Every structure is written in structure tokens, then in C-alpha cells.
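Starting from the known structure of chain A, arrange chain B on it as the hints suggest.
These protein sequence lines are chains A and B, in that order.
Numbering (the working numbering) for the first sequence: 193 to 469.
Numbering (the working numbering) for the second sequence: 2 to 382.
Treat the hints with caution; some may be incorrect.
[Unchecked claim] With a straight-line Cα cutoff of 35 Å, these simulated DSBU-like cross-link-like pairs (lysine-lysine) come out: (1) B:K376 / A:K358; (2) B:K160 / B:K174; (3) B:K32 / A:K358; (4) B:K32 / B:K376; (5) A:K358 / A:K289.
The set of hints was computed from the structure by calculation and includes no laboratory data.
None of these values were measured; they are calculated from a predicted model.
What follows is the residue order along each chain.
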Amino acid sequence: MSTRILSEALTGTSVDLPAGTPLLEADGIELRFGGTRAIDGVGFDVRPGELFAVIGPNGAGKTSIFNCISGVYRPQQGSIRFLGAELVGERPDRIAKRGVARTFQNIELFDNLTVVENLMLGRHQHLDYGVLDAMRYLGRARRAELANRRIVEDIVDFLEIAAQRKLPVGMLPYGVKKRVELGRALAMEPKLLLLDEPVAGMNAEETEDMARFILDIRSELDTAMILVEHDMGLVMDLADRVMVMDFGRRIALGEPAAVQADPAVIQAYLGEPEGST
Amino acid sequence: MTATPRALRRGRPELYSDYAADQAIWNTPAKRWSTLAVLLVAASLPWFLGRDLLGLGALVAVYAISGIGLNLVSGYAGQISLGHAIFMGIGAYTAAVLGGSPSGSIRGFELDLLVWLPLAGLVPAAVGWLFAPLAARVRGLYLAILTLGLLFVGEHVFKEATWMTGGSGLGRKPAEPTVLGFSLYEERVVLGTELSAIGVFYLFCLLLLVVMAVLARNVARTRQGRAFSAVRDRDIAAEVMGVPLLRTKRLAFTLSSFYAGIGGALLTIVLGFTTPERWNLLLSIDFLAVVLIGGAATITGPIIGAGFVVLMPRFIETFAGSLPEWFVSTAIGGTGLLNVFQLQRLLFGAMIILFLVVEPRGLFGVWIRVRNYFKAWPFSY
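Next up, chain A with everything else stripped away, as it sits in the complex (with noise of 0.2 Å):
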């Protein structure tokens, strides 16, 4: 059986707004753990196809966010609106069936499965039969396991990970992990995809290839992307826009060289110059 593209397999990913729209909208997110305010008033937006990069300090509150979209935290102020929905307050199952999904920065793989039961979970809210139809394993269940197989050997081929499908993930070296975590991801066939630290403890070369796969993702599914990073060069390179936060709170929102250029963020990164205080 042949492989297909990417855009071929995943047909759900792009979404169709007014102009204008935007993709996702934050406006006012407030998360306090006790007395520590870990999102401090923090809004944007996303527009449909954008690729739009958080960056900031240890601690500055980049994955608090990425938590607060997906539902695993529930901030106590604000609103996140997907495609017009309010996503604060609903379960991160109802979030994901919505259409965002998301990688983790300590790479969250179930370990006992092999490759494939991995990204065939990505694919879990798309397989509608029920516990009665899988017992039969005849016609429907079967039907939708092979369509849902062949679309996951998509992906396979498109990461570079064949050789490795029916291995159990928790055997796998660091740098495929990350790669898997991203196809599963993928699988999900979202709207919009959170990427945590997607090089976080790679080389160049590991660098380059997952620069490669998010390069070919916008250009194949024209999926829209967050996409939290340190590694200054890669965001740079890829954002179409790019905020920055410290302690909570955003410095700067714009396209890469505006923030670059931003006294606030060459203040937060390299600290106050000297004699100013």
C-alpha cells in the first residue's frame, strides 16, 4: 500500500475564517498557585496558519499557558476563546476533541506502548465505534482500525520513525521520543498545535530535522502552531511573530526582529545594564 502525503492523510487541519478572525484569542489569563501569580494578565491571539513562538526566562510562565489552553490548569481570571469557544474551564478530552493538541516539554509517551498504539492514540477521539463494535472486531471497528492504521503509517513515514513502529516507546532514545510525541500530536489532526520545547537537549543536526518537520507541517497542513522554545536561533528563523514573557507577564509581542531589538527583552535576558540600578 502506498504512502501518502501528509495533507492527504490529515484533512482536517486547516480551518476556514473571515479574515481577519483570529484562531485563537487570551485575554486577561490569571494563574495563582497560593500567592504566586505564574500567568500575571497575559492576552494574544493567534491568527488561522500562523506560527507563533512564546519565548522567555526559566519560570516566566511560557508552559503555565500551554497548560491553561489545554485544560490541565484552570486559570482563576480571563477567557480563551477557540473558534469562538470558551476553552477555560472545560476538560482537557473536550479541549482536545475541539482541536488542539499538544507535545510536552518532559516528553509525556506512554511507555509501555509500542510506537504505532501511541499514535493511533492520537487518533483515539477519531475512531467513533464502540466497546461493543471492538469486541466483534468485524466491519465497523475493523474497518476504522485499518483506515486509522494507514493515516498513522503516514505519519510514520513523514517523521522518519518506520523502523522503529512496533517498539515499545519507553526503549527509545531521547531524540525519536520527541519525534514520536510530535506524531502523536499530529495524529490528533489539530486545528492548532502546541509545541513545548520541541529541540529541548538536541544537537544541530537533531535541530535541523525537527526544524524540518515543523517547516513541512505549516507548509503541508497549514496547521497553526505555538511553539515554546529556548533555542533563540529556531524561533527567530520560524515565528511569524513572537511574545515574550518574564515573571507572569508579557514585554513584548511582535514580529522576531521588532522583539529582538526590545530594550524590555534584552533587559529580562541579559539583566539591567550595569550602574542603572
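Frame of chain A; chain B shown alone:
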């Protein structure tokens, strides 16, 4: 899409040319033939073995059915349950009330097996469904304690509801396994040989085990089974992937209780009699042993585990006679250090510890190791 030529497939059992062949339940010739061989041997046993051993065989099949149930919730979905015995008890009493005969104050409706057997699964499944939201709130040790609580509540109810159970220490007779007037527990001439009643019932239990094992395997290897494993391994990631936690855990408890109930109903028939005390913690632990010794998160595992847990005490009993008298006394009131029952329990406990420490994947894991050794032979890995 063309099938791979036979000559090309020979010696390459994992050469697939379509996903259907790869995803089939028995996806290599070796699996197909070995399953068939085991089935044939198991099905021919009534023609060779005596009543006593066939009773044990039926017990293995029944233990395997319930064991598969516990493995769905504890092995696959990772929700440790000590309450399995209660779901078995609910199934057993549902069957006994619907299919048993009344005596004195004990109720019995003498219905057909086609009525009581499905209900013996569905009633516990409904209880499991109701119980799941409570169980889904906690995990790990807390869940173990919560299910332990269920066990005590259940045991109390069983002791008090004498119209159903006959009461503490007295007990009642089980359901009659009669399908449309045809008794499955009666001597019959099959293929020119007269089979004992238990032999006939053994065949029925075996058939039921095969069907239920295949159904469970189909669940385990598809959408919901993967969701079970995801919830076990990383529940937050599973939720973010679109797996609803409560619904998934609820399904695991419901399915598991269904299997438990069927197993419980058949168990009372094999044993011929049941008291409310039977459905206690020890029985639950027996089934944890079935799962752990057999192999967690597999379907074959609990079947092997059931064989081990049921047959080991008999094995010890048989060979205790050849041990020195000062160590194990076989006669009642003997002077030995241990009696046979104590030796059985001691070795049983030791086995659980041994497997947890040395081979957490159980006997099935041992088999995988042996298989991989010969796959790679003559290389060591």
C-alpha cells in the same frame, strides 16, 4: 493490494503486505497453530481425565474468566481493585436467585441459563458502573483501600440477605445450568464415550472462556484498550490526547465486573455450594495472584495464571506425601512442622513475592523471554 506469495512468506512470519494481516488477532502462523493445538488438547481432556481432574479443569477455566476481568481493570487500566470477589459474589447470587431452586426462606426462580447467565454478568456490571465514579476519584493505594471498603460492605450485605445467600455458615445451592431443558451438568454420551457431568460442564466453561477471552482481546487491542493503557501510564497526557478519564475508568470497571460476575456464577456451580464467606479478601487476592503470576496487561497471562493458582495447591497436596514427616504432616493432627494447607499458603505467598521481584511480567513474561531467546538464537540478544 495483492497478498504476498506463499513462497515469499515462508520463514518470514512478520512479512506483511497489508495492515489487516498485521493487525489480525493471530498475526503469525505460529500463534495460529499453537492456539489451535492448545484448544484441541483442552477440548479433548474430558475423554481422558477423571471427574476429579476435570473439576479442576473447569475451575481453571472459571478462574481464567474472572482473572481476565481483573486484568482489564488492574492490568490494562492500572486501577488496583481488591473488590473483585464482591463482583463475583454479586454475579453468583444473581445467578443462584434467578436460576436456582427455592428452599425454605431462600428464593429461587429456576429460570433458564439463557436468562441467568447474561444477567449474572450484567448485574455486577451495573454495580461496577455505579461504583466507578467513586473509584475514579482516587488512585494507587487509596483505590486499593476504597475497594477494600467495598469488599466489607458487600460481605456484610451477603451475610444479612439470607433470602439470597442462605446466610452466614449455611449457604445455598447454585443455579441449574439448563439451556432450553438441556442440562449442561449431566452425564452424556459424546462421540461414543460417556462423559461425566463435570466433563460436560467443563466443555461449556472452556467454550465460554474462549469466547470471552477473544472478546476481551479485541477490546484490549483496539481503541478502548489503548485508552486503558494510556490512563494507566500517564493519565494527564491521556486526557490531553482526548481520552475522557471518567468514562474510560468506568468502562474498565464495568467490563471487569461483567467478567467477574460470569466467573462467580460458574464458580458456584463447579463447587456445588456457596456460603457468603467465600467472597472475601482471600478470593480477591487469589485473583490478584492470577493476574500477577500470569502476566499483567495480557489476555493469555490470566489463563496461565489461573492454571497455576488452581493447580499448585493440588500439586503440593499430591507431593506432600513424599516430603519428610517432621516437615509436613499429611494426616490431620500430625506432628510435622507444617500441615499441607499451611504449606500451600506459604508457597502461594512466596510465589507472589518471587514474581513481583524477579519477573513482574509473570509467566507470560517468562514465555516472551524464552521466545526471544530462540528468535535470536544462536546469538544471545
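Consistency of the hints with the structure:
With a C-alpha separation of about 16 Å, the suggested pair B:K376 and A:K358 falls inside the 35 Å cut-off, and the hint holds. With a C-alpha separation of about 15 Å, the suggested pair B:K160 and B:K174 falls inside the 35 Å cut-off, and the hint holds. For the given pair, B:K32 sits about 18 Å from A:K358 by alpha-carbon distance, which is consistent with the 35 Å threshold. Our distance criterion of 35 Å between C-alpha atoms is met by B:K32 and B:K376, whose separation comes to about 14 Å.
Using a Cα cut-off of 35 Å, the hinted pair A:K358 and A:K289 holds, with the two alpha carbons roughly 27 Å apart.
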